[in-house]
Amino acid sequence: MSIRVTSISKRFGDAVALDDVSLAVESGSLTALLGPSGGGKSTLLRIIAGLDTPDSGTVRIEGEDLTDAPARQRGVGFCFQHYAPFRHLTVRRNVAFGLEIRHRPKAEVKARVDELLELVGLAHLAERYPSQLSGGQRQRMALARALAIEPKVLLLDEPFGALDAQVRTQLRRWLRELHDTLHVTTVLVTHDQEEAMEVADRLAIINHGRLEQVGTPADMYDHPANEFVMTFLGPATRLHGEWVRPHDLVVHRVADGKPAVAAVEGTVSRVTHLGFEVKVDVALAGDDECWVQLSRGTASELGLEAGQRVWVARAESAAASRTPMLSA
Amino acid sequence: MRRSRWRLPLRFGVLGYLTLLVILPVSTVFYRAFQHGLGAAWDAITSTDALHALVLTLLVAGIAVPLNTVFGVGVSLILARHRFPGAWLLDALVDIPLAISPVVIGLALILVYGRTGWFGGWLTSHHITVIYAVPAIVMASAAVSLPYVVREVLPVLQEIGTEQEQAARTLGAGPLTVFRRITLPNIRRGLAYGVTLTTARVLGEFGAVAIVSGAVAGKTETLTLFISDSIDSLDTQSAYVGAVALCLAALIVLTLLTVTDRKRDDWHKGVVA
Chain P
5 MSIRVTSISK
15 RFGDAVALDD
25 VSLAVESGSL
35 TALLGPSGGG
45 KSTLLRIIAG
55 LDTPDSGTVR
65 IEGEDLTDAP
75 ARQRGVGFCF
85 QHYAPFRHLT
95 VRRNVAFGLE
105 IRHRPKAEVK
115 ARVDELLELV
125 GLAHLAERYP
135 SQLSGGQRQR
145 MALARALAIE
155 PKVLLLDEPF
165 GALDAQVRTQ
175 LRRWLRELHD
185 TLHVTTVLVT
195 HDQEEAMEVA
205 DRLAIINHGR
215 LEQVGTPADM
225 YDHPANEFVM
235 TFLGPATRLH
245 GEWVRPHDLV
255 VHRVADGKPA
265 VAAVEGTVSR
275 VTHLGFEVKV
285 DVALAGDDEC
295 WVQLSRGTAS
305 ELGLEAGQRV
315 WVARAESAAA
325 SRTPMLSA
Chain U
620 MRRSRWRLPL
630 RFGVLGYLTL
640 LVILPVSTVF
650 YRAFQHGLGA
660 AWDAITSTDA
670 LHALVLTLLV
680 AGIAVPLNTV
690 FGVGVSLILA
700 RHRFPGAWLL
710 DALVDIPLAI
720 SPVVIGLALI
730 LVYGRTGWFG
740 GWLTSHHITV
750 IYAVPAIVMA
760 SAAVSLPYVV
770 REVLPVLQEI
780 GTEQEQAART
790 LGAGPLTVFR
800 RITLPNIRRG
810 LAYGVTLTTA
820 RVLGEFGAVA
830 IVSGAVAGKT
840 ETLTLFISDS
850 IDSLDTQSAY
860 VGAVALCLAA
870 LIVLTLLTVT
880 DRKRDDWHKG
890 VVA
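These protein sequences, in sequence, are chains P and U.
Here my numbering = 1-based position in the first sequence + 4.
Here my numbering = 1-based position in the second sequence + 619.
No lab work stands behind these hints, which were simulated from the structure alone.
Any given hint could be a false lead.
To be verified - Just some of the chain U residues that point at chain P, by a computed CB distance under 7 Å:
(1) G635
(2) T781
(3) E782
(4) Q783
(5) P794
Unchecked claim - If you anchor each label on the Cβ, the simulated ranges turn out as follows:
(6) G635/U to D118/P: 20 to 28 Å
(7) W737/U to A166/P: 53 to 61 Å
(8) G793/U to R180/P: 32 to 40 Å
(9) S31/P to H701/U: 45 to 53 Å
(10) R799/U to D69/P: 25 to 33 Å
What the hints assert, rightly or not - Just so you have them, the derived chain U footprint on chain P, three or more residues with Cβ under 8 Å:
(11) 83-97
(12) 149-160
All C-beta atoms in this analysis are idealised placements derived from N, C-alpha and C, irrespective of residue type, glycine included.
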């Protein structure tokens, strides 16, 4: 295990930021700390980096207890949401900073910085100042700066949070490729579940200062430990008081007869076409309602429209992913 | 167009205001200083008392300005980087010299450090003379120029935030390295301006220094006191030359600031762009 935090608790005044959180991060993995804003995930990342101190608990990196070590001795690379570029230094000097303060020979610094600038695609901007770069370029510079000291672990705090949607998508794909090249143990904080699932090998979901669940994206999507993870990781709706993914539901017309599986009768209240996907809202008996995600083909086959009487049931293939704990 | 109609009157208004208040009076001083020729001016400034006043003024500035620079940066760092009860009080205390008259500050120094003051007995028994001597002049000058560095540096520190410093720490920098390589370059402009204001204030201080120095010609007379003394004794040539010396000292400080500010300024331009 590259990072192991044990029973970390942290309060800011009366607010509990972290409540007895324990987490192990495997060497070479890319783990996302995922959860809503203010849930404590950034605090956990800052505690690992030594930028915040926990009230209790321990932090180990590569087996070494670093709970009381200052940030500068931890050998972590940290990237901030707003990049924290050194505004008075050029891109080259920003990246060289960690090496320069260690008084490495000039030739070695230059070679290493050139290599890193090449890696992050900023070689042509080496003599610019951070203010002359775009957000995405600044983030890549910050990443190169953090990598220059050959950190044991790389910590990224909402690395794409301040970027516009298009750059964000490009950059997270790029980050994944970079990770596959370097294999530096990486922990990334994000509140965007899609981003986490796309980039990370493992997710750790943190909410209200507690660790809700840890696992691979696919496993957690199919087997969420509780209602929060279920609703946070993807679309969710309720059928008979039980949480279910709306794409795991099927619709039958009442006119075609009652299906063999356990089904609930209802009335289509609205059909929304979202390109490939069609969203069908169904009003069930007793003021209950749910929604079903269908492909365009299936929807047009059924010829669904508002006011139609339908049966809603769980798809046969989805039965396996049923999570018994999810009664509301 | 409305703008073009107002542009000329506005320019003349501003220029006229500056002329009446600054340009005209100051040029008159320069004219008067040299109206009897360079020789007379030279004789006046190289008189024993004038030279002594000039040297004393530079000495006082040479001590008080570095003191207030270090103190000002320290207080700014404390106020910007730490949360503690009573921070507002420290913040307000720093401004006191701006709010109250320098004469009051001088008087207060006498009450504490004078022969009959709180520390008077202790100081006398240790043969330390503060009041009516150079230490009091330095203290008075430092007191009145206390806020300038803080008021210039603190907002800059607050604006840049702590993330750059945190980033430097994760990269392996200790507190001194962080200050020298990250904080200082970031506050350089504000600091330079604060130091300039402090210097100008110390060079030009009259009221507080007049109270605590005793204004003994050739001993505890700074340039401003020398000018005042010369006017009182109707030695106008000395007064004008002293005034010119004061102006030139200020001009040199301003020039130094502009020169250092021009250096390595690319990243500031970048910020604007």
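Practice task
Could you check the hint for me, namely that S31/P and H701/U are 45 to 53 Å apart, CB to CB?
Solution key: Given range 45 to 53 Å: violated, Cβ gap about 37 Å.
Practice task
Using 7 Å as the Cβ threshold, decide whether Q783/U counts as touching chain P.
Solution key: Result: holds, 5 Å to nearest chain P Cβ.
Exercise for the section: Please verify that hint: P794/U, Cβ, nearest Cβ of chain P, below 7 Å or not. Expected result: 9 Å, violated
Practice task
Check whether three or more residues of the region 149-160 of chain P sit with their beta carbon closer than 8 Å to a beta carbon of chain U.
Solution key: Holds, because 4 residues of the region 149-160 of chain P bring their Cβ atoms closer than 8 Å to Cβ atoms of chain U.
Practice task
Tell me if G635/U is really an interface residue toward chain P, meaning its C-beta lies closer than 7 Å to one of theirs.
Solution key: 39 Å, violated
Exercise for the section: For W737/U and A166/P, compare the CB-CB distance with the range 53 to 61 Å and indicate the outcome. Expected result: The hinted range 53 to 61 Å holds for W737/U and A166/P, with Cβ atoms some 56 Å apart.
Practice task
Double-check E782/U for me: the hint is only fine if its C-beta lies closer than 7 Å to a C-beta in chain P.
Solution key: Where the cut-off is 7 Å and the nearest Cβ of chain P is about 4 Å from E782/U, the hint holds.
Problem - Coverage of the region 83-97 of chain P by chain U (three or more Cβ within 8 Å) - result: holds (count 8)
Handout entry: Given hint T781/U near chain P, where the shortest CB pair must fall under 7 Å
Key = 9 Å, violated
Practice task
Starting from the hint 20 to 28 Å, judge whether the C-beta atoms of G635/U and D118/P obey it.
Solution key: 59 Å, violated
Exercise for the section: Look at the Cβ atoms of G793/U and R180/P and judge whether their distance stays inside 32 to 40 Å. Expected result: Given range 32 to 40 Å: holds, Cβ gap about 35 Å.
Exercise for the section: Take the C-beta atom of R799/U and the C-beta atom of D69/P, compute their distance, and say whether it sits inside 25 to 33 Å. Expected result: Check passed, 31 Å falls within 25 to 33 Å.
Checked against the numbered hints above, the structure violates hints 1, 2, 5, 6, 9; every other hint is satisfied.
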